[in-house]
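Number of protein chains: 4
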Amino acid sequence: MFIVVNGNKNSKEVIELMNWLKARNLSIQINEGTQKTVLGLIGDTSAVDIDSIASFKVVDTVKRIQEPYKKANRKFHPDDTVVDVGGKKIGGGNFQIIAGPCSVESEEQICMVAQSVAKSGAGLIRGGAFKPRTSPYAFQGLFGKGVDLLKEAREKSGLPIVTEIMSDEDIHLFEDVDLIQVGARNMQNFSLLKELGKLDKPVLIKRGLANTIEELLMSAEYVLAGGNDKVILCERGIRTFETSTRNTLDISAIPVIKKLSHLPVVVDPSHASGKADLVEPLALAAIAAGADGLMIEVHNDPIHALSDGAQSLTCEEFAALMPKLTALKSFMNTLK
Amino acid sequence: MFIVVNGNKNSKEVIELMNWLKARNLSIQINEGTQKTVLGLIGDTSAVDIDSIASFKVVDTVKRIQEPYKKANRKFHPDDTVVDVGGKKIGGGNFQIIAGPCSVESEEQICMVAQSVAKSGAGLIRGGAFKPRTSPYAFQGLFGKGVDLLKEAREKSGLPIVTEIMSDEDIHLFEDVDLIQVGARNMQNFSLLKELGKLDKPVLIKRGLANTIEELLMSAEYVLAGGNDKVILCERGIRTFETSTRNTLDISAIPVIKKLSHLPVVVDPSHASGKADLVEPLALAAIAAGADGLMIEVHNDPIHALSDGAQSLTCEEFAALMPKLTALKSFMNTLK
Amino acid sequence: MFIVVNGNKNSKEVIELMNWLKARNLSIQINEGTQKTVLGLIGDTSAVDIDSIASFKVVDTVKRIQEPYKKANRKFHPDDTVVDVGGKKIGGGNFQIIAGPCSVESEEQICMVAQSVAKSGAGLIRGGAFKPRTSPYAFQGLFGKGVDLLKEAREKSGLPIVTEIMSDEDIHLFEDVDLIQVGARNMQNFSLLKELGKLDKPVLIKRGLANTIEELLMSAEYVLAGGNDKVILCERGIRTFETSTRNTLDISAIPVIKKLSHLPVVVDPSHASGKADLVEPLALAAIAAGADGLMIEVHNDPIHALSDGAQSLTCEEFAALMPKLTALKSFMNTLK
Amino acid sequence: MFIVVNGNKNSKEVIELMNWLKARNLSIQINEGTQKTVLGLIGDTSAVDIDSIASFKVVDTVKRIQEPYKKANRKFHPDDTVVDVGGKKIGGGNFQIIAGPCSVESEEQICMVAQSVAKSGAGLIRGGAFKPRTSPYAFQGLFGKGVDLLKEAREKSGLPIVTEIMSDEDIHLFEDVDLIQVGARNMQNFSLLKELGKLDKPVLIKRGLANTIEELLMSAEYVLAGGNDKVILCERGIRTFETSTRNTLDISAIPVIKKLSHLPVVVDPSHASGKADLVEPLALAAIAAGADGLMIEVHNDPIHALSDGAQSLTCEEFAALMPKLTALKSFMNTLK
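So the protein lines, in turn, are chains R, W, D and S.
Count along the first sequence from 1, add 113, and you get the number used in the numbering used here.
Count along the second sequence from 1, add 113, and you get the number used in the numbering used here.
Count along the third sequence from 1, add 113, and you get the number used in the numbering used here.
Count along the fourth sequence from 1, add 113, and you get the number used in the numbering used here.
Please note: incorrect hints may appear among the correct ones.
Copies of the same chain look alike in the list, so a pair counts if it fits in one copy or across any two.
[Said to hold, decoys possible] Straight-line alpha carbon distances no greater than 20 Å define the calculated DMTMM-like cross-link-like pairs of lysine to aspartate or glutamate that follow:
no. : residue 1 : residue 2
1   : Lys307    : Glu145
2   : Lys170    : Glu282
3   : Lys372    : Asp173
4   : Lys201    : Glu328
5   : Lys188    : Glu221
6   : Lys201    : Asp289
7   : Lys372    : Glu430
8   : Lys372    : Asp390
9   : Lys311    : Asp283
10  : Lys188    : Asp173
11  : Lys307    : Glu282
12  : Lys311    : Glu282
13  : Lys176    : Glu145
14  : Lys311    : Asp281
15  : Lys307    : Glu327
16  : Lys437    : Asp193
17  : Lys188    : Asp390
18  : Lys201    : Glu268
19  : Lys149    : Glu180
20  : Lys264    : Glu221
21  : Lys307    : Asp281
22  : Lys449    : Glu429
23  : Lys202    : Asp313
24  : Lys170    : Glu430
25  : Lys170    : Glu429
26  : Lys311    : Glu126
27  : Lys122    : Glu288
28  : Lys170    : Glu180
29  : Lys437    : Glu327
By construction, these hints were calculated from the structure, which means they are not laboratory data.
As the structure is a prediction and not an experimental result, all values here were calculated from the model.
Given these sequences and hints, build the entire structure.
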């Protein structure tokens with residue numbers, strides 16, 4: 114960490130700051146420039162609060178050199194993490210497609226979709242039982258019953274299940290879920306992340322609409338720091354000024370995250386675009402950019418879906434898309 | 114609500130859509146244009162899911178005319194809401210300044226700050242007991258003990274207390290808190306909002322970093338729809354490309370919200386800017402733009418604060434600022 | 114176009130608005146709702162100024178149904194436009210890679226790079242002679258001499274040349290340039306666009322950092338409306354809150370533009386990411402998403418480049434990348 | 114400037130970088146940390162290209178300590194710049210209101226508005242003769258004739274005139290204009306800025322929709338570096354995800370710029386909001402935050418305006434607003 118101060122090393126304010134730093138077991142290298150002095154901190158700065166340093170009035174700029182995450186950092190864990198979700202591996206060259214409806218609506222619906230996407234080659238089935246909806250008047254999900262229906266779908270299709278948790282109070286309902294999803298709106302629900310860190314169960318964390326890649330890795334760090342190392346990250350679009358898509362898929366996040374971290378990265382082209390006809394080009398782009406998996410919304414009857422129908426593929430559309438995705442993935446493996 | 118479709122009223126796809134709409138008790142006015150047909154929906158569309166309509170492939174565009182919020186809507190509640198927080202009124206011409214440290218750190222600290230800001234004329238004391246921190250290695254707050262210390266500070270200063278809740282699991286600890294704050298990162302933690310809707314206690318909802326004004330009003334609607342009508346909104350900066358401030362204060366949000374809604378709006382210049390020296394100009398601007406209150410970070414010893422010191426005023430700086438704020442507020446009252 | 118008004122059709126204000134509309138040769142369909150009236154306009158609304166309508170105080174919302182661009186609109190020109198640049202075709206299934214340094218620095222440099230990228234399989238050579246630089250103290254380009262050196266490079270490599278124009282005053286220097294580039298910062302330099310519309314020469318328009326896809330198409334419309342139909346669009350990243358990349362590549366822009374317009378779309382992964390090591394994954398993603406070409410910075414000696422070295426590939430890196438790009442493009446052709 | 118490198122000072126790559134730096138007359142202080150080495154550069158780094166340094170593969174991060182602008186920098190020019198525009202002073206405690214229509218439409222219109230706003234107390238009259246319009250089919254202005262009409266309005270009203278230039282080719286038409294405006298879309302039209310730097314005439318530079326405050330100051334630096342020190346800056350809203358206003362007024366830009374630079378800052382609440390009813394609260398907020406002036410759209414007949422009517426005040430509304438603005442400005446002077 115480097116601190117630029119407006120003053121020389123003998124000024125009262127700079128000495129005060131240096132004493133504060135030394136009290137935190139950091140040693141200091143001093144560089145006096147023409148206008149400013151720069152203090153280089155040596156030691157473990159990951160727990161040092163950058164804001165506290167900035168609050169010293171003599172400080173002009175503080176800059177972290179080390180990344181603030183450790184367990185999520187590829188530097189300290191060079192090998193790719195492989196997460197096993199109910200027998201399906203994700204990461205380290207293992208690629209999976211997670212498919213299913215936005216919401217679990219009925220036994221018939223979820224079992225039908227699960228069997229269909231399984232037949233098409235999906236590796237996991239997804240479906241929302243607890244639904245984060247902007248409006249209190251919109252369909253909020255089937256809650257515990259939705260989770261039970263997913264388990265039935267798992268039995269019928271043979272696919273592990275993925276579903277979203279919205280509150281740490283509900284965690285007991287997710288004991289038998291294969292992959293617990295933290296939604297974009299809860300990416301910085303730190304109470305929830307801490308609870309998930311206590312589990313021995315795969316967790317998928319979606320990037321928040323206004324969150325940086327570093328913040329996503331810090332949210333992963335919450336789960337990892339708690340002792341749960343089964344974390345998968347998901348890029349699902351960020352919020353920008355562009356309105357022709359629901360969100361803006363940050364395709365660069367895939368290679369950026371894979372350089373910084375060892376954790377698997379999957380991409381959700383359905384939420385990123387909000388439009389069914391954009392799912393194919395974005396899914397292909399994500400594979401070409403190196404994603405470890407995809408999360409695609411599929412509904413047996415999108416026009417009667419209780420949520421997010423506009424971005425759902427039909428089972429037939431998904432069946433037609435799958436061979437393209439797997440062919441491209443195989444092709445990409447030959448390019449390396 | 115208006116739906117633009119690519120087809121004429123006699124096409125199979127348009128008829129299918131119209132049947133779906135009629136099944137939801139909506140009547141339809143049809144307008145055929147040169148290239149497209151437009152369907153105008155008549156009836157209560159607030160519970161209609163715009164995404165469901167968009168999922169019909171024949172649909173080109175759907176546009177809501179009515180706002181999706183009702184209880185938060187000024188149209189249906191023309192008079193300003195006044196929220197009474199432990200005897201201090203906010204809204205409808207009543208202006209309050211909420212001051213205090215980012216985090217409650219010790220009995221001495223919070224009581225000292227509370228007494229100081231009370232003396233300077235603040236109306237409420239704030240302090241974080243549960244702290245949402247990007248890093249799991251940063252100070253996370255004193256939890257229940259922090260709430261207890263706030264109560265002591267209330268006793269000593271006579272000021273009602275404001276503190277942030279991070280999980281519905283902790284709600285029992287907030288029974289004796291005067292104003293419960295929902296932080297920016299939890300603005301769309303709908304589980305939490307639903308629980309707060311069941312209380313008879315003032316709730317302050319901070320706008321999320323990437324949330325629109327309409328989404329903020331929808332989060333208020335969650336609490337209001339639950340039966341709790343004591344909601345205060347807080348603008349605290351949004352995330353943009355500009356990096357010279359921590360966030361970008363959306364000053365326009367004040368008059369925009371006050372036009373759309375009857376709820377009080379307070380502004381947090383400390384979090385918006387992230388810099389102590391910007392608090393004064395932003396606080397003055399917020400008053401001039403019509404804010405019902407301010408939330409300002411004040412710490413007895415910012416350079417040793419456990420969080421967010423850079424944006425905190427000292428007690429002395431706050432004491433010097435208060436007369437300017439109250440003078441401007443009085444002056445603004447004469448302008449109308 | 115639809116206009117929602119706060120009032121009924123017999124009110125003075127609504128009648129005034131309707132008279133204004135009729136004076137512009139538009140006919141009106143009236144729909145009265147429970148709270149508002151909606152006016153549907155029939156006729157050619159592309160020249161109607163949406164702001165003028167919004168300025169009537171009785172107007173609540175105005176919404177355009179027709180796209181505001183005509184010549185760039187795929188609806189009126191269903192077939193892909195193919196632009197021939199010095200014998201190299203772009204669009205309609207024709208794919209080209211444009212490579213070369215950010216700036217033309219010397220005869221030796223540009224000729225060496227041109228010959229090298231030609232050998233690797235690039236279709237066109239790029240190089241900046243007029244450089245838009247944030248700082249007045251940074252290298253500004255070789256101006257006319259740079260253009261002359263590019264022509265030499267064309268002669269030696271056999272590749273058509275691409276270079277950026279910064280002012281309509283310089284247009285005479287571009288007479289013998291094969292493809293004139295309008296940079297991101299000049300995307301809405303309408304004086305320049307109008308002048309380029311008078312030429313019979315290919316123009317590549319880069320999307321501005323804060324410009325929507327619709328605005329990009331409107332800038333293309335300026336050139337097309339002037340009579341020049343040789344327009345190529347370029348996605349090169351937009352500005353968002355994320356700082357780990359120089360810009361955020363909006364990969365969705367490719368399929369979105371190709372749906373809305375018949376014009377070719379190329380992608381610049383170098384400027385989008387600002388980092389040489391991200392060029393490969395983003396270039397592959399762009400091909401998978403359907404781009405008609407790529408624009409890649411290549412420098413013989415990036416560490417001594419006068420501008421943008423950090424994002425430049427060396428000639429050797431480009432030579433190693435080309436086979437992957439062409440292999441993927443060929444593979445994608447088999448997927449359709 | 115500080116450079117963090119992945120390697121120690123004796124490695125071949127680091128030595129190569131250090132030689133490159135020394136060749137640019139910079140001396141280097143070396144600090145070896147546990148994982149990285151940090152090089153501190155001493156000397157004038159304002160002309161050093163940060164991208165060139167970043168292109169060395171051994172470089173992890175480069176961080177500028179000195180601001181890249183000099184002539185615009187308050188450090189080197191502590192006193193406020195006062196710009197005299199036709200006898201009206203702006204900056205250094207001098208406050209002016211610039212008012213007038215978006216476009217000059219006719220002699221009658223511009224003279225009528227000029228006389229009206231002069232009577233209300235405006236200091237300058239504005240009006241667009243060259244109009245940057247997103248659509249080639251929209252009204253583009255009266256060009257030279259518009260400038261002539263403005264001069265007539267100046268004669269009749271006694272107010273200096275402000276109008277926008279769109280191309281360096283038109284500069285001869287602006288010889289007798291009092292204040293030349295560079296619009297937001299041309300903020301980085303560096304060819305134009307260079308030409309304006311050669312004049313001895315006040316220039317107002319509007320911040321671009323996606324430009325940082327530092328970039329705005331760098332654009333000012335272009336004009337100042339050319340020898341023209343009569344520069345005024347204008348905050349007019351930036352582009353964000355929020356759609357309830359046309360742009361997001363960055364109110365913090367006022368105090369931030371005034372800290373970094375000595376140049377006057379005016380605010381345009383009309384373009385920032387796009388709505389006439391938001392002009393008053395935003396204008397008041399800008400004054401409270403310390404703006405040196407305001408730029409407000411006023412039209413005699415907004416509903417028949419040829420551009421931007423929605424955000425224009427009528428002459429009567431402006432006349433009613435002026436006393437509030439001047440009263441607040443006077444009040445703010447008493448607060449200091």
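Consistency of the hints with the structure:
1. Lys307 - Glu145: neither (43 Å within a copy, 36 Å between copies)
2. Lys170 - Glu282: neither (43 Å within a copy, 39 Å between copies)
3. Lys372 - Asp173: between (30 Å within a copy, 13 Å between copies)
4. Lys201 - Glu328: Neither: 27 Å inside a chain and 37 Å across chains, both beyond 20 Å.
5. Lys188 - Glu221: For lysine 188 and glutamate 221, neither the intra-copy (47 Å) nor the inter-copy (40 Å) Cα distance is at most 20 Å.
6. Lys201 - Asp289: within (16 Å within a copy, 48 Å between copies)
7. Lys372 - Glu430: between (33 Å within a copy, 19 Å between copies)
8. Lys372 - Asp390: Answer is between; shortest inter-copy Cα gap is 10 Å, intra-copy 30 Å.
9. Lys311 - Asp283: both (14 Å within a copy, 18 Å between copies)
10. Lys188 - Asp173: So lysine 188 and aspartate 173 pass the 20 Å test across copies only (13 Å; inside, 29 Å).
11. Lys307 - Glu282: both (12 Å within a copy, 13 Å between copies)
12. Lys311 - Glu282: both (14 Å within a copy, 16 Å between copies)
13. Lys176 - Glu145: both (17 Å within a copy, 16 Å between copies)
14. Lys311 - Asp281: Both, since 11 Å and 18 Å are each at most 20 Å.
15. Lys307 - Glu327: Classified as within: same-chain Cα gap 18 Å, cross-chain 30 Å, threshold 20 Å.
16. Lys437 - Asp193: neither (26 Å within a copy, 24 Å between copies)
17. Lys188 - Asp390: between (39 Å within a copy, 17 Å between copies)
18. Lys201 - Glu268: This pair counts as within: shortest intra-copy Cα distance 15 Å, inter-copy 56 Å.
19. Lys149 - Glu180: Answer is between; shortest inter-copy Cα gap is 12 Å, intra-copy 25 Å.
20. Lys264 - Glu221: within (13 Å within a copy, 53 Å between copies)
21. Lys307 - Asp281: For lysine 307 and aspartate 281, both the intra-copy (9 Å) and inter-copy (14 Å) Cα distances are at most 20 Å.
22. Lys449 - Glu429: between (32 Å within a copy, 17 Å between copies)
23. Lys202 - Asp313: Cα proximity of lysine 202 and aspartate 313: one copy only (16 Å, versus 48 Å across).
24. Lys170 - Glu430: For lysine 170 and glutamate 430, the Cα distance is within 20 Å only across copies (13 Å; inside one copy 60 Å).
25. Lys170 - Glu429: The answer is between: 15 Å across copies meets 20 Å, while 63 Å in one copy does not.
26. Lys311 - Glu126: Neither way: lysine 311 and glutamate 126 sit 43 Å apart in one copy and 44 Å across, limit 20 Å.
27. Lys122 - Glu288: neither (57 Å within a copy, 50 Å between copies)
28. Lys170 - Glu180: This pair counts as between: shortest inter-copy Cα distance 19 Å, intra-copy 25 Å.
29. Lys437 - Glu327: neither (32 Å within a copy, 30 Å between copies)
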